[in-house]
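Chains as they are written, first to last, in our numbering: chain A, 1 to 287; chain B, 1 to 287; chain C, 1 to 287; chain D, 1 to 287.
Where hints are given, some of them may not hold.
Just so you know, same-sequence chains aren't split out, so a pair can sit in one copy or run between any two.
In silico DSSO-like cross-links for lysine-lysine, where the CA-CA straight-line distance does not exceed 30 Å [as the list claims (entries may be wrong)]:
| id | residue 1 | residue 2 |
| --- | --- | --- |
| 1 | 41 | 97 |
| 2 | 208 | 97 |
| 3 | 161 | 41 |
| 4 | 41 | 190 |
| 5 | 161 | 190 |
| 6 | 155 | 41 |
| 7 | 161 | 208 |
Derived from the structure by calculation, the hints contain no laboratory data.
Given next are the chains, with one letter for each unit.
4 protein chains.
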Amino acid sequence: MDTVTEALVTSGVTEVTSSLSLLDLVQRGVRVFDLGRPFQKGMPQSPNHPVYTHTLPRRHGDMVRADGGSAANDLIVLGTHVGTHIDALAHVSQDGKLHGGLDAMTEQVGGRFMSGGIHEVAPIVSRGVLLDIPAALGVEACAPAYEVTVADLEKAIEAQKTPVGDGDVVLIRSGWGRRWQDREAYIGAKSGVPGVGAAGAEWLAARKVRAAGADTIAFEHLPAGAGHAQLPAHRILLVEHGINIIETLSLEELAASGVREFVFVLSPLNLVGATGSPVRPLAVVQR
Amino acid sequence: MDTVTEALVTSGVTEVTSSLSLLDLVQRGVRVFDLGRPFQKGMPQSPNHPVYTHTLPRRHGDMVRADGGSAANDLIVLGTHVGTHIDALAHVSQDGKLHGGLDAMTEQVGGRFMSGGIHEVAPIVSRGVLLDIPAALGVEACAPAYEVTVADLEKAIEAQKTPVGDGDVVLIRSGWGRRWQDREAYIGAKSGVPGVGAAGAEWLAARKVRAAGADTIAFEHLPAGAGHAQLPAHRILLVEHGINIIETLSLEELAASGVREFVFVLSPLNLVGATGSPVRPLAVVQR
Amino acid sequence: MDTVTEALVTSGVTEVTSSLSLLDLVQRGVRVFDLGRPFQKGMPQSPNHPVYTHTLPRRHGDMVRADGGSAANDLIVLGTHVGTHIDALAHVSQDGKLHGGLDAMTEQVGGRFMSGGIHEVAPIVSRGVLLDIPAALGVEACAPAYEVTVADLEKAIEAQKTPVGDGDVVLIRSGWGRRWQDREAYIGAKSGVPGVGAAGAEWLAARKVRAAGADTIAFEHLPAGAGHAQLPAHRILLVEHGINIIETLSLEELAASGVREFVFVLSPLNLVGATGSPVRPLAVVQR
Amino acid sequence: MDTVTEALVTSGVTEVTSSLSLLDLVQRGVRVFDLGRPFQKGMPQSPNHPVYTHTLPRRHGDMVRADGGSAANDLIVLGTHVGTHIDALAHVSQDGKLHGGLDAMTEQVGGRFMSGGIHEVAPIVSRGVLLDIPAALGVEACAPAYEVTVADLEKAIEAQKTPVGDGDVVLIRSGWGRRWQDREAYIGAKSGVPGVGAAGAEWLAARKVRAAGADTIAFEHLPAGAGHAQLPAHRILLVEHGINIIETLSLEELAASGVREFVFVLSPLNLVGATGSPVRPLAVVQR
Numbered sequence: 001m002d003t004v005t006e007a008l009v010t011s012g013v014t015e016v017t018s019s020l021s022l023l024d025l026v027q028r029g030v031r032v033f034d035l036g037r038p039f040q041k042g043m044p045q046s047p048n049h050p051v052y053t054h055t056l057p058r059r060h061g062d063m064v065r066a067d068g069g070s071a072a073n074d075l076i077v078l079g080t081h082v083g084t085h086i087d088a089l090a091h092v093s094q095d096g097k098l099h100g101g102l103d104a105m106t107e108q109v110g111g112r113f114m115s116g117g118i119h120e121v122a123p124i125v126s127r128g129v130l131l132d133i134p135a136a137l138g139v140e141a142c143a144p145a146y147e148v149t150v151a152d153l154e155k156a157i158e159a160q161k162t163p164v165g166d167g168d169v170v171l172i173r174s175g176w177g178r179r180w181q182d183r184e185a186y187i188g189a190k191s192g193v194p195g196v197g198a199a200g201a202e203w204l205a206a207r208k209v210r211a212a213g214a215d216t217i218a219f220e221h222l223p224a225g226a227g228h229a230q231l232p233a234h235r236i237l238l239v240e241h242g243i244n245i246i247e248t249l250s251l252e253e254l255a256a257s258g259v260r261e262f263v264f265v266l267s268p269l270n271l272v273g274a275t276g277s278p279v280r281p282l283a284v285v286q287r
Numbered sequence: 001m002d003t004v005t006e007a008l009v010t011s012g013v014t015e016v017t018s019s020l021s022l023l024d025l026v027q028r029g030v031r032v033f034d035l036g037r038p039f040q041k042g043m044p045q046s047p048n049h050p051v052y053t054h055t056l057p058r059r060h061g062d063m064v065r066a067d068g069g070s071a072a073n074d075l076i077v078l079g080t081h082v083g084t085h086i087d088a089l090a091h092v093s094q095d096g097k098l099h100g101g102l103d104a105m106t107e108q109v110g111g112r113f114m115s116g117g118i119h120e121v122a123p124i125v126s127r128g129v130l131l132d133i134p135a136a137l138g139v140e141a142c143a144p145a146y147e148v149t150v151a152d153l154e155k156a157i158e159a160q161k162t163p164v165g166d167g168d169v170v171l172i173r174s175g176w177g178r179r180w181q182d183r184e185a186y187i188g189a190k191s192g193v194p195g196v197g198a199a200g201a202e203w204l205a206a207r208k209v210r211a212a213g214a215d216t217i218a219f220e221h222l223p224a225g226a227g228h229a230q231l232p233a234h235r236i237l238l239v240e241h242g243i244n245i246i247e248t249l250s251l252e253e254l255a256a257s258g259v260r261e262f263v264f265v266l267s268p269l270n271l272v273g274a275t276g277s278p279v280r281p282l283a284v285v286q287r
Numbered sequence: 001m002d003t004v005t006e007a008l009v010t011s012g013v014t015e016v017t018s019s020l021s022l023l024d025l026v027q028r029g030v031r032v033f034d035l036g037r038p039f040q041k042g043m044p045q046s047p048n049h050p051v052y053t054h055t056l057p058r059r060h061g062d063m064v065r066a067d068g069g070s071a072a073n074d075l076i077v078l079g080t081h082v083g084t085h086i087d088a089l090a091h092v093s094q095d096g097k098l099h100g101g102l103d104a105m106t107e108q109v110g111g112r113f114m115s116g117g118i119h120e121v122a123p124i125v126s127r128g129v130l131l132d133i134p135a136a137l138g139v140e141a142c143a144p145a146y147e148v149t150v151a152d153l154e155k156a157i158e159a160q161k162t163p164v165g166d167g168d169v170v171l172i173r174s175g176w177g178r179r180w181q182d183r184e185a186y187i188g189a190k191s192g193v194p195g196v197g198a199a200g201a202e203w204l205a206a207r208k209v210r211a212a213g214a215d216t217i218a219f220e221h222l223p224a225g226a227g228h229a230q231l232p233a234h235r236i237l238l239v240e241h242g243i244n245i246i247e248t249l250s251l252e253e254l255a256a257s258g259v260r261e262f263v264f265v266l267s268p269l270n271l272v273g274a275t276g277s278p279v280r281p282l283a284v285v286q287r
Numbered sequence: 001m002d003t004v005t006e007a008l009v010t011s012g013v014t015e016v017t018s019s020l021s022l023l024d025l026v027q028r029g030v031r032v033f034d035l036g037r038p039f040q041k042g043m044p045q046s047p048n049h050p051v052y053t054h055t056l057p058r059r060h061g062d063m064v065r066a067d068g069g070s071a072a073n074d075l076i077v078l079g080t081h082v083g084t085h086i087d088a089l090a091h092v093s094q095d096g097k098l099h100g101g102l103d104a105m106t107e108q109v110g111g112r113f114m115s116g117g118i119h120e121v122a123p124i125v126s127r128g129v130l131l132d133i134p135a136a137l138g139v140e141a142c143a144p145a146y147e148v149t150v151a152d153l154e155k156a157i158e159a160q161k162t163p164v165g166d167g168d169v170v171l172i173r174s175g176w177g178r179r180w181q182d183r184e185a186y187i188g189a190k191s192g193v194p195g196v197g198a199a200g201a202e203w204l205a206a207r208k209v210r211a212a213g214a215d216t217i218a219f220e221h222l223p224a225g226a227g228h229a230q231l232p233a234h235r236i237l238l239v240e241h242g243i244n245i246i247e248t249l250s251l252e253e254l255a256a257s258g259v260r261e262f263v264f265v266l267s268p269l270n271l272v273g274a275t276g277s278p279v280r281p282l283a284v285v286q287r
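This is chain A alone, in the form it adopts within the complex (with noise of 0.2 Å):
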């Protein structure tokens, strides 16, 4: 029974509950912060996966009705790990099996993942938790390829007074995010990237989180140099524990917001049988 339910069943107002509904909250006002990046050529991207590609295939005036209507449209080609995205389980395979035991050679025949895809993965309207590491550090952000630790976690709940558990989503601020306009520093190929390694990544699925994610192109600490050639969050996350990942988040404004606990929404594109969703995910709190 949470503190909320407990207040209102001693003050015998139960049916109050009906009365106080989300739309009404809503109405009065909320303040939504847009944690996903925008999307556009050039923007920084792992070299692994398909570059973010717009045009319009027609302009107004390639054709134009008798009335003096015109239509323009677009074509994107992308991959679905560039810019602010979730990863599907299906998206990372250890010893050949993915989330569950499924084998992962099977599960891509067709060239689409019938188990494990994206689709799969239900919208999430959940509680948000922001972990701003560099505040609880007393740092403006974190060294690059710094691996953010379980006793740097446990530091941030503290100073937040925010406990992070079961079902939540728990975003892990680096400050790395202040390097979105610089490409190739944002990418951090030379200089490594901050992150969680093997430890907070345990810490995390022991913790039974819904879905984790990072201001950095991949949930995981890269040391300087090293590129992709471990990638133990992605491991404990999406293969041992079967928890979302979601990378490239914008959390600056968040941040600087102050708010640490949210209603977090990201509602993935229902692309059935891929291994993950370009996303625009949102932190909602009341005014």
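Guided by the hints, dock chains B, C and D onto chain A, whose structure is given.
Same frame as chain A, but now just chains B, C and D:
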């Protein structure tokens, strides 16, 4: 003092108000209706837009790291007006002008719309209303090529007791969604497609809705065999009134549930300069 | 009198061969038959392959240099078995094996064929022979779903006096190309499509031809309504005999000209690891 | 009896005539030089054009027919100015005009060029001449950012004894092709790239060549660090003189062979309305 607070005050639980946060309500349990259609090869879509294509450039086993880990990924090609999607204002022009009198030719220079593009559409978290037209008319579904009239819209509102107004997102169910599994029937080139015409669009605009959606590919009444020769609702909503349009919605489950009012959430991909975005909108209510 | 002729006169023929160069003959004048179909939106193609798409990401005026210069460019999306194209051996497997007994699963690891791919097909400059089946049969065009028999092939050879043999490229005209402008008719899903069946393919293989082509989408006899349930010619030519197949050829003009023997030139794009390539083959003869 | 045969007859070598056909010469044996580069992920290409991408949407085993047959196929995404390619006249405009004074804005309405597009470029079978500039200059390769002068071109012609003129295709080797395996070096953004400038282009135009090619990405002299700020050769050849340009040619093997004159064959894909085409040109000589 609004009704919610009043209810609480009269029952003597003033303190509760602060803890009755949006987050609390979400954590008590919400029902999330998925209003998006799955994206897959062969799904019904307009022939005017690039075909949805998905492939796995990398499959498990293609590149296995020394530690036994392997990743699969995707390449997606699509138009932004295929599957469930939202139209940006720049999608349509009339007599060479976009909404606000912007010159359509000028704005598209560079191959993307710096004004009127989908990047200008902030994520939507607002009141949503489903207008169930077949229910109001006492039919299972609107007939092909049926024009949803203002009288129909008002009849639905009265039957449902759900007025619509400033800032609402209005989703108009025609029942056409039942044809989703039959590609040709859903496209309806020969049969025509039900929807609002100019009068319905004007009525929506007069109510200052935030956006309007439908369970058909085009938010329009399409006469049999007429194709897209005339798209008055697009002109009225997008060009004349700056109201975004949402198409190819999945409304059957929501309609069957009896829910008519809800928190509507739609977070378009931030595709800089594009004329629309694929989306997976949500209707959220308390359990 | 040019130098070539002079050489012939003075030298009395033996060495002549070297001075009677290919280049000289070309410069005296050649007729070049274009055997490729135009690639454009909406052209007939197999639904099994990615749709041909062309767009101009950059148009003139999008970026004008200080000196008044401007460039336009293209983005193309296509399958390699759309439009006029050549099949690499890796395109088809039988019982898990590619031509030469290579394991199909093994060869495609990495997402491209390191053996059997189109990159292994050297540009073809060889003798080409057009077998005009309708002419031999005294009809305008083969009927839909007509199987071109061995007797038909031999009848054409006899009528034309053009034996075919080792290293030749044999193009088999069915007359189906007349339907090119009618998309559905050319695809022929309902009607079936004329072409060689197993017997014709075996006959070609026995003659050790370099490649075999047709004026239909698939180099096969397709019964009405049967689709691609059986593709014996592909199996026999590609898998069993290592003979490339050329499809969707434009043969009407060549047939009408009366030319039956020619220099055949086909230069596949060197798409490393791909199963085929779009091409524009040529039949070249002296004027 | 055509003029060639007549000439031969009068010189007394009648028998020779029938065997001296183009086809006969080809069948006696030709050497075919492949002047195209392989297309593959990561190859050097201009950042101004869509990245070459190849994937196998269907692999063997994805759909196995009842008879044990299976097909694999490809999806290709590319710009038409990547890899070895030919520029259509519509690729470049000057002061809003295409070659022939066509209005660039008007011609591109509809999203494709109905005039000046690559579909207007007939397959080329003509005399080709390799001008080996480093050989003429006595160096291994032209220095980065070296401008190939008119004097250089004339020196090569004199050294090679290969005048160039009306209708010839002239391929200018700078030796830059040796850098192909080193992506950054070949692109040469920092170093600059050798090539002809305005003077060389005018010289070629004055000779009325059919097309001109180079072993670099752009048929231009690019000063170090200057990028594509000025592209005079494109303006002169494409816009002012209607001469197609061929880029990213592979000329090292041809140069090493000593062949300087040859039958040049280039068959652009018939991409209706496009500004260029990927190609695999050939230099053909007798063995």
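So, going through the hints one by one against the coordinates:
| no. | hint | result |
| --- | --- | --- |
| 1 | 41 / 97 | between (35 Å within a copy, 26 Å between copies) |
| 2 | 208 / 97 | within (21 Å within a copy, 46 Å between copies) |
| 3 | 161 / 41 | neither (40 Å within a copy, 47 Å between copies) |
| 4 | 41 / 190 | both (22 Å within a copy, 22 Å between copies) |
| 5 | 161 / 190 | neither (36 Å within a copy, 52 Å between copies) |
| 6 | 155 / 41 | neither (38 Å within a copy, 44 Å between copies) |
| 7 | 161 / 208 | within (18 Å within a copy, 42 Å between copies) |
Violation of the numbered hints given earlier is confined to hints 3, 5, 6; the remaining hints are satisfied by the structure.
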